[in-house]
Structure formats: C-alpha cells, structure tokens
Amino acid sequence: MDRRSFIKTLGVMGAATLPGKKLFAEEAKEDKELMGILVDTTRCIGCQGCEEACAEANGLPKPNLDDLDPEIKVKTSVSQWCTVNAYETDVGEVYVKKQCMHCNQPACAAACLTKAMLKTEEGPVIWREDKCMGCRYCMLSCPFDIPKFEYDSPIPKIQKCTMCWNRLKKNELPACVENCPMEALVFGKRKDLIEEANSRIYKNPDSYVHHIYGEHEVGGTGYLYLSAVPFEQLGFPTDLGTTPFPEFTKDFLYAVPVILTLWPPLLLAINRATKHKEENEGSEV
Amino acid sequence: MDTTIGSFTSRGELLKSEFKRFIKFFISELRPKGKLLTPFNFIAAFILLTGVILIAIRFAKGLGSVTNLSQEYPWGIWIGFDVITGVAFAGGAYVITFMVYILGMEKYHPIVRITVLNGFLAYVFYAGALLLDLGRPWNVINPIIGNSFGVSSIMFLVAWHFMLYMMAEFIEFSPAIAEWIGWKRVRKFLGALTLGAVIFGITLSTLHQSGLGALFLMAKNKIHPLWYSEFIPILFFVSSIFAGLSMVILEGSISQKVFRHRISSKLHASHNDIVFGLAKICAGTMYVYFFLKVLVFIHGQHWSYLNSPMGYWFLVEVIAFVLIPVRLFTQAVRYKNITAVRTAAILTLIGIILNRLNISVIAFKWYEAVRYIPSWMEIAITLTVIFAELLVLRWIVNRMPILGDPIDLEAEENKYRQKTLYPIKTKEPEEWKVSST
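Heads up: the protein sequence lines correspond to chains A and B, in order. Converting from the first sequence to our numbering requires adding 750 to each position, the first position being numbered 1. Converting from the second sequence to our numbering requires adding 7 to each position, the first position being numbered 1.
Accuracy of the hints is not assured; some may be wrong.
Claimed, not checked - Simulated DEER-style distance windows between Cβ atoms:
hint, chain 1, residue 1, chain 2, residue 2, range
1, B, Phe196, A, His966, 55 to 65 Å
2, B, Gly307, A, Lys920, 42 to 52 Å
3, A, Arg878, B, Ser24, 50 to 60 Å
4, B, Asn314, A, His966, 42 to 52 Å
5, B, Trp402, A, Pro811, 27 to 37 Å
6, B, Ile60, A, Asp942, 50 to 60 Å
7, A, Pro1014, B, Ala52, 17 to 27 Å
8, B, Leu43, A, Gly809, 26 to 36 Å
In short, the hints are calculated from the structure, not lab data. Beta carbons: idealized from backbone N, C-alpha and C, even for Gly.
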C-alpha cells in the first residue's frame, strides 16, 4: 500500500465515522451529470440495425444479421459489443438489445488495479489499452459478465461497449442510438431519461411493467430498460440487489489502514513484553 | 602489497578482491552436489522441458492456446491453485516468525530458516506464476510506478503486498546467504534488520492472506451461497495459519528424509517435539475456523442448499477435510503419534486446496452449463512451477545453512583472513558472535 492511498483511505475512514450520508455525497453529485441510454423494448422490432452500426463505428467485424431465433441467444463477444436477442414472453416475441450497462459505480472499475477500466465523468465506462495488465479481475467482478478478453491473441485486449466514447467526444450520438429506426433507444442525461421512462409508464400504464431496469439495480446503471413483461422473461438478472458492487469490498478496504497502523506497534509491544533479558538484540536468525 | 588499511584505495581493492572471491565461490557452488541421474531429476527435467515449451506457446499465441479459460471463467487453476492456494500454503513463514521473534518461542527457532525460505520461494514462484496468467504482463509495473493507482481495488493491495512481502522475507532469510558466502559484516547488518522485517511481514501477511479472499467479494452473484459470505477474508486469514503450519509439518517430514545429511543434530532431536507443538496450534486454529464456518453457515440460513450436489460437496469439505483432520490432530497430540499428525496435515492441506478451488473454480458459476476444467497444459505448467521451486529449494538447502546450525563466521574468517586484506581485529566483540541460543 502506498502512502497516497493510505492517506486517502484514512480520509475515507474519517468520513465514515460521520453520518453515513457524507460518504456518498460525491457520488450523488456525479450522478446528476451522468449520461445514459434508455431502451424501450416495446418499440424494438429486432432489425439489428444497432448491431450493424455498432460494428461499423467501432471497427468490429460485421455481425451475423440473420433473422432472430428465440431458441438461440447470442452473447456479446470480443468481436461484438452489443447483441439483439429474441425472447418468448407472455406478450409474444420481444427483442432486447444488450451490452455494457455502464453502471454508476461499476464493479469492473473498482476492481481494476491500474484504472484501465474507468468510469468517465460523463458516464461511459471505458477501457484503456496502455494501462491494462490483463488480470481479468474486471470480468470476475462484473455482475453482467460484460468485459470480454481476447484469449487467442498474444497482445490481448478487453472488449466491451464504450457507449461510443469516441463519438461522444466529437458530440456525436452513440452509433446504436443514431441508427435505431424505431426510436427504441434514447440518449441523454440519466436523470432526464428516468423522468422520460416514468412518464411513458404513467401515460401507458397497461403497456409497461412499472419498473425501470437499471434505475436502482446494482446502485443504478447508465443503460435503462422499459418492458411490457417482467424482466426475468427478457433474460435480465433480477437477483443482483440495489447495492453497488464496490460496496462489498469497502469494509475490507477500511480495515487495511487500521491493521497497517495498529499491527506494527502491537507486534513490537508483544516482542518487548516476551523478550528475555539475556537475549542480544538483532543477532538471532 | 603496499596498502594502508582504512584508506580509500585499500577499501576499493578489498571490495574488488572480495567480489572476485565471491564470483569464484558462486561458480564453484553452481556445480551439482549429488548424483545427477536420479529418477527425480529425470522427471523434473521432463516436466521443465514440457513446461518451457508450453510457456513459449502461451506467450506466442495467447492464453487460449494452452488454457481452457473462457469468457465465463476468467480465472482457472493458475490463479485458484498456484496463487491462492500457494500463498495460503506459504503462510507458515509469518506464523513461525511470529511465534519465534514476537512471542519468543525459542523451541521453534531451528525451523525458522527453512520455513522462511519455503515461504519466500513459494511467493517468488507461485505469485510469480501470476505473470503467466496476466494477459498483458508488460504492464505489470503500472500499479507500482504510480502512473495509475487503482487504490479502490483489492487486487492493487494484493499486488503491492506480494511485492513488499517478498522483500521482507528476503531480508528475513538473507543472513543465511551472508553466512553461506562468508560476509561477516553484512551478516551482522542483515541480522539487525530481522525484527523489523518480521513485524512488517506479519502485518502484510494479515492483510494479503485475507485480501486474497476479499478478491472474491465482488463475485457475489457468481459464487455458490454456501461459500460466499462477507466473512471470506477472515476465513482465508484463519485458514492460512493452519494451512501454513500443516505445510511446515509436511515439509519437515520430507526434509527429515531427503536432507538428512544437512540437518543439525539439534533439529533432528527436537523435530518430533516441534511437530507436536505445531499440531497443537493447528488443532486450535482449526477449531476456531470450523466454528467460524458453522457460524457463517447458520448466519447465512442456507439449510436448504445442503440437500443438493453442491451441498454434499460443501459437507465433504467441512467434515472430511476440516472436522476429521482437526480431531486427528487433537488425538495425535494426545497419544504422541507422529504418523497421525502427518496424516492430519495432509488431510488439512487437501482441505485447503478444496476450499480455495471451490471459491475460485468449482463453486464459481456452478450454474453454468459448460464448466471450466483445466487443460493438461495448464496442469503441466503448474507442475513446472512446482518443480522449478523444488529444484531451487534443493539447491539452496544443499548449500546454505538452512537446516543445520547457523555458521559461526568467526571460525570461518580465521581460515580466510590469511588470503585477503580483510581488516584484522584480534578479538571480536562478544555480541558479534552468531549463536542459536
């Protein structure tokens, strides 16, 4: 542990003794400005235009655009950052686009020891090639199993959706949003998207389940989903809870500076207390 | 030779001649000491050769060419066994140094060096095996040189601790190297660092033994509920105590046979006494561990999971490889049965392998249709790492004063004083003397 992190963690510890709200004040502020994408699955027709646009915008091979078969589920991969799958549900076939959820407090970024996986201030979670050492702890930590690793390359990369970070920097919309013919995808401030999603539910209470997937899941995600059927039927994990995943390691990280500062004097004290008088210092191995 | 003792020139020449002597000595020591054509050496050579070829393939073609890792299972046995189990097995070093240097339990002094050496080599090789598993190992310095500190990452803590702990263990072990070469002053200096290194080492071990468990805290939805709990770090720490000591017991038994000629009569005589002492500590900490396991189980309210294949597997781990060995340790100590202690130690070690592999591989995504099973090449490379460590261990134990008494450098120096310009003192101060009391 380096000094900087030590001091930082001590600071966090200090903050932790204050009322709980203080600790999350910073995160709440960031949350206002985060960008996200709202997916209205009731509008999606499964044309896979987003898949194609995604591949083109990010220099990936052209994906398989055959008609969707509910029997076959395609997962995102090193060469395909977003996938559209068909699901048999209570209201018939529903098409769902899936990709990185761009969590508000991403497990992958908390897991990364080099900050290669980074939650940008604008919201997208990106991966930086020059930092990553390929430990794949992000893959282990991600609740949605999104980061994909190039096992067949001697210079492997982590591949995942970046919310078209490069296009966003040029003030362009994410490729998938721009190319959706049904306006099933909306890009915007996460806060506004939640309002938009709620107003759609209020206006058409019979067309939607009254839940926005991603509003609270794992502490909130950048991608938000609306659906006509319960989200289990669309293959979403519904047992993840609302706690941001980095919280699970926080208790341990708080204990680190405590042990680092308490153990040495304690051990030295025990050593002195148990020392025999006739022993010579330091000559024993 | 016309030199004045203490002047700059003589110091320089002294260092030069000393360096030359060291190189000559080192080259002479490189030669094998025993028979070369033994079955063990044949097997080791075969495995090393295979391993080196496989490692070359791995770096040329990527991890997928030799491992069965997948997008679903990013970590296999190189992490689950080599690193996570290997480090638990190396826990003996911090426990024994705690007992000897902090608590002053002199009875265990004769096994300090072999234990620290084992621990150090385990870290170098098993934590070093991490480099094979890293997809982009050339970036391994990033979290160290500080261009991007991921301080919120448990992995960051573990990486730093591995590095620092290796240094601490090297310092703890270094007096043996100085004695081997015959550097008296260096030996004295290094000896003075020992207590500091021990305290630092125990602190680091507390954190990274538990930290290895904390790595899995974020895999909450992926590890079977019978194994996942927020107490994983504490369970990892407590189990590293008896895992390390069981390894010390096992290594001791093997050393008694393999390195018979290197063992001091003192260690030989006290060996059984030491083993029973360690068995007692194992039993104590294992009862604590078992109690914690039960507590976590009851607290988690996972009764319903017990009646399932994973539940039976959990019971195998906890009953056959925790409860039975802990009983065996207790009985073995009571009836002074050394074979029973060794059996218990082996059962305990199997239990640790099971536990670590359960969390990292077996109970990890137990629900997937296609499970990860290591390829023969992953196992071969793991064996390569183990054999490489054993060969280095054997080389060191056969040369340095590890199992025998520390070398009395005063006697050594008298021999070699005649050949060098080493500053002559008529009588060494009493406290310079190396003794093992």
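**Request:** Hint says 17 to 27 Å; check whether the CB-CB distance for Pro1014 (chain A) and Ala52 (chain B) agrees.
**Result:** 45 Å, violated
**Request:** Evaluate the given range 42 to 52 Å for the C-beta pair formed by Asn314 (chain B) and His966 (chain A).
**Result:** 33 Å, violated
**Asked** Lying within 42 to 52 Å: is that true of the beta-carbon distance Gly307 (chain B) to Lys920 (chain A)?
**Response** 50 Å, holds
**Item:** Cβ separation of Leu43 (chain B) and Gly809 (chain A), checked against the hinted range 26 to 36 Å
**Value:** 55 Å, violated
**Asked** If you check the beta carbons of Arg878 (chain A) and Ser24 (chain B), does the distance land in 50 to 60 Å?
**Response** Because 52 Å falls inside the window, the suggested range holds.
**Prompt:** Are Trp402 (chain B) and Pro811 (chain A) spaced within 27 to 37 Å by their CB atoms?
**Reply:** 51 Å, violated
**Message:** If I claimed the Cβ atoms of Phe196 (chain B) and His966 (chain A) lie 55 to 65 Å apart, would that claim hold in this structure?
**Reply:** Roughly 60 Å apart at Cβ, these two residues keep to the hinted range, so it holds.
**Asked** Ile60 (chain B) and Asp942 (chain A), beta-carbon distance inside 50 to 60 Å?
**Response** 58 Å, holds
In terms of the numbered hints stated before, the structure departs from hints 4, 5, 7 and 8, listed from lowest to highest.
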